[in-house]
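*Asks:* Here's the letter readout for the chains.
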Amino acid sequence: MRTMSRAGSRHAYDRGPAQEALRLVKVAKTYGTDGSAVTALDGVTLGLGRGTFTAVMGPSGSGKSTLLQCAAGLERPDSGVVRLDGTELTGGSEAELTRFRRGRVGFVFQQYNLLETLTVAQNTVLPLKLAGRRVDRRRAREILTAVGLGDRLGHRPAQLSGGQRQRVAIARALVTEPRVIFADEPTGALDTRSAREVLRLLREAVRVHGRTVVMVTHDPVAASWADSVLFLADGRLAGRLDAPTADAVAERLAHLGDDVTAGV
Amino acid sequence: MRSVRQRPGRFLATLLSAFLGAAVVMTFGSLHDTAARPGVDAVSRETLSTTAGVVGGYGTLLVFFAVASTLTVNVRQRAAELELLRCSGATPAQIGRMVVGEAVAVALAGSAAAIGPSVLGGRALLAVFQDNGQVARSVEHSFGTVALLSGARITLPAAAGAALLAVRRTTRTGRRCSGARRFLAGAALLAGAAATVSTFAFSATDPALMALPAYGAISLSVGLALLASPLLKGVLNGLPLSGASGWLAVRNLRERTGHLAGILMSLVLFTAVATATLTLQAVESDAVRASGAVKSADAKNLETLNVTVVGIIVVFVCVMLVNSLYAATAHRTREFGQQRLAGATPGQVLGTVGTEHLILTVTGVVLGTVAALAGIVPFTVVRTDGVLPHQAAGIWLGVVAVAAAVTLGTSLLTARRVLRVPAVGAVAVAA
Ligand SMILES: Nc1ncnc2c1ncn2[C@@H]1O[C@H](COP(=O)(O)OP(=O)(O)OP(=O)(O)O)[C@@H](O)[C@H]1O
Ligand SMILES: [Mg+2]
Numbered sequence: 001m002r003t004m005s006r007a008g009s010r011h012a013y014d015r016g017p018a019q020e021a022l023r024l025v026k027v028a029k030t031y032g033t034d035g036s037a038v039t040a041l042d043g044v045t046l047g048l049g050r051g052t053f054t055a056v057m058g059p060s061g062s063g064k065s066t067l068l069q070c071a072a073g074l075e076r077p078d079s080g081v082v083r084l085d086g087t088e089l090t091g092g093s094e095a096e097l098t099r100f101r102r103g104r105v106g107f108v109f110q111q112y113n114l115l116e117t118l119t120v121a122q123n124t125v126l127p128l129k130l131a132g133r134r135v136d137r138r139r140a141r142e143i144l145t146a147v148g149l150g151d152r153l154g155h156r157p158a159q160l161s162g163g164q165r166q167r168v169a170i171a172r173a174l175v176t177e178p179r180v181i182f183a184d185e186p187t188g189a190l191d192t193r194s195a196r197e198v199l200r201l202l203r204e205a206v207r208v209h210g211r212t213v214v215m216v217t218h219d220p221v222a223a224s225w226a227d228s229v230l231f232l233a234d235g236r237l238a239g240r241l242d243a244p245t246a247d248a249v250a251e252r253l254a255h256l257g258d259d260v261t262a263g264v
Numbered sequence: 265m266r267s268v269r270q271r272p273g274r275f276l277a278t279l280l281s282a283f284l285g286a287a288v289v290m291t292f293g294s295l296h297d298t299a300a301r302p303g304v305d306a307v308s309r310e311t312l313s314t315t316a317g318v319v320g321g322y323g324t325l326l327v328f329f330a331v332a333s334t335l336t337v338n339v340r341q342r343a344a345e346l347e348l349l350r351c352s353g354a355t356p357a358q359i360g361r362m363v364v365g366e367a368v369a370v371a372l373a374g375s376a377a378a379i380g381p382s383v384l385g386g387r388a389l390l391a392v393f394q395d396n397g398q399v400a401r402s403v404e405h406s407f408g409t410v411a412l413l414s415g416a417r418i419t420l421p422a423a424a425g426a427a428l429l430a431v432r433r434t435t436r437t438g439r440r441c442s443g444a445r446r447f448l449a450g451a452a453l454l455a456g457a458a459a460t461v462s463t464f465a466f467s468a469t470d471p472a473l474m475a476l477p478a479y480g481a482i483s484l485s486v487g488l489a490l491l492a493s494p495l496l497k498g499v500l501n502g503l504p505l506s507g508a509s510g511w512l513a514v515r516n517l518r519e520r521t522g523h524l525a526g527i528l529m530s531l532v533l534f535t536a537v538a539t540a541t542l543t544l545q546a547v548e549s550d551a552v553r554a555s556g557a558v559k560s561a562d563a564k565n566l567e568t569l570n571v572t573v574v575g576i577i578v579v580f581v582c583v584m585l586v587n588s589l590y591a592a593t594a595h596r597t598r599e600f601g602q603q604r605l606a607g608a609t610p611g612q613v614l615g616t617v618g619t620e621h622l623i624l625t626v627t628g629v630v631l632g633t634v635a636a637l638a639g640i641v642p643f644t645v646v647r648t649d650g651v652l653p654h655q656a657a658g659i660w661l662g663v664v665a666v667a668a669a670v671t672l673g674t675s676l677l678t679a680r681r682v683l684r685v686p687a688v689g690a691v692a693v694a695a
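Just so you know, the sequences run in chain order A and B. Positions 1 to 264 (this note's numbering) are the ones given, in order, by the first sequence. Positions 265 to 695 (this note's numbering) are the ones given, in order, by the second sequence.
No wet-lab data here; the hints were simulated from the structure.
Taking lysine to any residue and the SDA-like style, the derived pairs with C-alpha atoms no more than 20 Å apart in a straight line are:
no. : chain 1 : residue 1 : chain 2 : residue 2
1   : A       : 129       : B       : 510
2   : A       : 129       : B       : 519
3   : A       : 129       : B       : 514
4   : A       : 129       : B       : 500
5   : A       : 129       : B       : 506
All chains should be modelled from the sequences, with the hints used to inform the complete structure.
*Replies:* Quick look at the structure:
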């Protein structure tokens, strides 16, 4: 098994993608202390194969964002093991974790997290710049055009609508050609047509480029684009649905809602 | 007012600047009160009034701009909060009343807190005069209306003015008030130029000779500081910086010139004031020594006194610089978090901050040096036979070293502290 410190630089130790893109074993995360403690993740165990498209669903506050952040190495779980692309994310300084993530992980944040001082084009190529990789502007423009922002390259985030910012965030996650893409509600602020474009892009990343995509969504139609859906409730896995249809997902969600209400 | 009580930490920088500014102004203001006491002999009165008038003159100008620049940094940081208020139905007038009210309240509190220290400071200053034999032993220190008013007269308009400008900028989105800025800059430059040029009208031995070039250099530095943003943009366009940190630094500076105006202003002021006043004093001391004045002991005492006064002013500007640097960097928690989430290591974030502040330091130092030279050269020409005093280089190097150490030190240490917050938590911090 490879460890973080050894795998710090991708080129030196690259042995090709691992068969299992992501494995979580008994991952737990609690926010706050004592009286105000909130258990966001309560012993989650799961494994996702390479080249799969997985949707994560569940009620608000069920721990979906926390799950994604722990899996991507952005948050450190209190306990449990996270193995990403065959490498265990244990210990290591923030700088080591950051270098590990570059080129392997793309993340679309629920709050976009674009830099206000940079233009659309600059925000998109920022991860490449920071990683010291060659900046392929033509490719960046292609991706931005694909998300429908080809004519907004010089705009700042403040000049864009929520949906447009979300699409910049998606372009930024795609541009480094990562092995695993985590997307937290990537279609949450989009109209049906833009949402379909984004989902098509994500599915293309899986089908054509063999990447692995994990996507949080509240929309059964968006979830139906995935190969399988994982349901989360109160920080625990609450079921799985393969080859989902929108109706089946909606049905399952409704019952999940019942369970959660009953459990409270 | 409620918002002040709920977030005292946010107003700390403003409070500190109002406190320090008021303390400096009121310390010198109390010399006027002391001079006005009945039974003070003519010589003592003369000494006290001259010191209070000369130092009060440029000290007041300095304190005004230092307080205003710190406040501008603080209020500008609340742009997001004000925007939110505006969107939730507050009228521009309501927001204006709130922000200006807060600024005035904080300035009042700072000035009130400064009364005690200024009484002590005034007494200490009087004691130095008495030890020098310039003021009679019998004179007692007095802290009265002149001192009180001098404090409030500076901090309140500076606070209200800075708050008002910042509010106008946020509530009238898009439009800039660069007209007012350019007018102020022009006025400051004109006043500064007039003061430095009129140095030539005085005789070499006039006791007030030093005040004019000092005042001129400070006025010029204020004017240049107000015009620093476009100059900075010009510098940035010509910088061939490669590497992720440099790339990001240039883009950040270009977009944030408005926010950085306060820091740049403090830097320009610090360089100009410290270089000009210390060099002027050195030239004066040398000239007195060269003239072979018999009362060498008195001259030495006088020199000590002047250096003390200049020291107070220089340290004040330096503290203001630290204050605004800290406030500006501590506010960037969220931005740094976003950089880290986009793939920046903490080292790269620090590299970006370091590059930004190096560029700021160089720009500030260059502008400050220009203003300082404008004061130093006329004085040296009138007072001695030379043009550039030999002491200038050493003093300048020392000042630049302090400016660079303070600017880079404060920003990097603050950034390192900010980076201790985990990136995911940092972006969740309310803007
Ligand atoms: N930084 C934090 N500090 C304290 N509590 C937190 C923090 N982040 C999340 N939580 C808590 O952890 C729980 C899970 O949060 P999380 O953001 O993962 O939910 P979510 O499933 O993504 O919800 P949503 O659908 O609303 O985005 C919530 O109860 C939340 O209040
Ligand atoms: Mg979430």
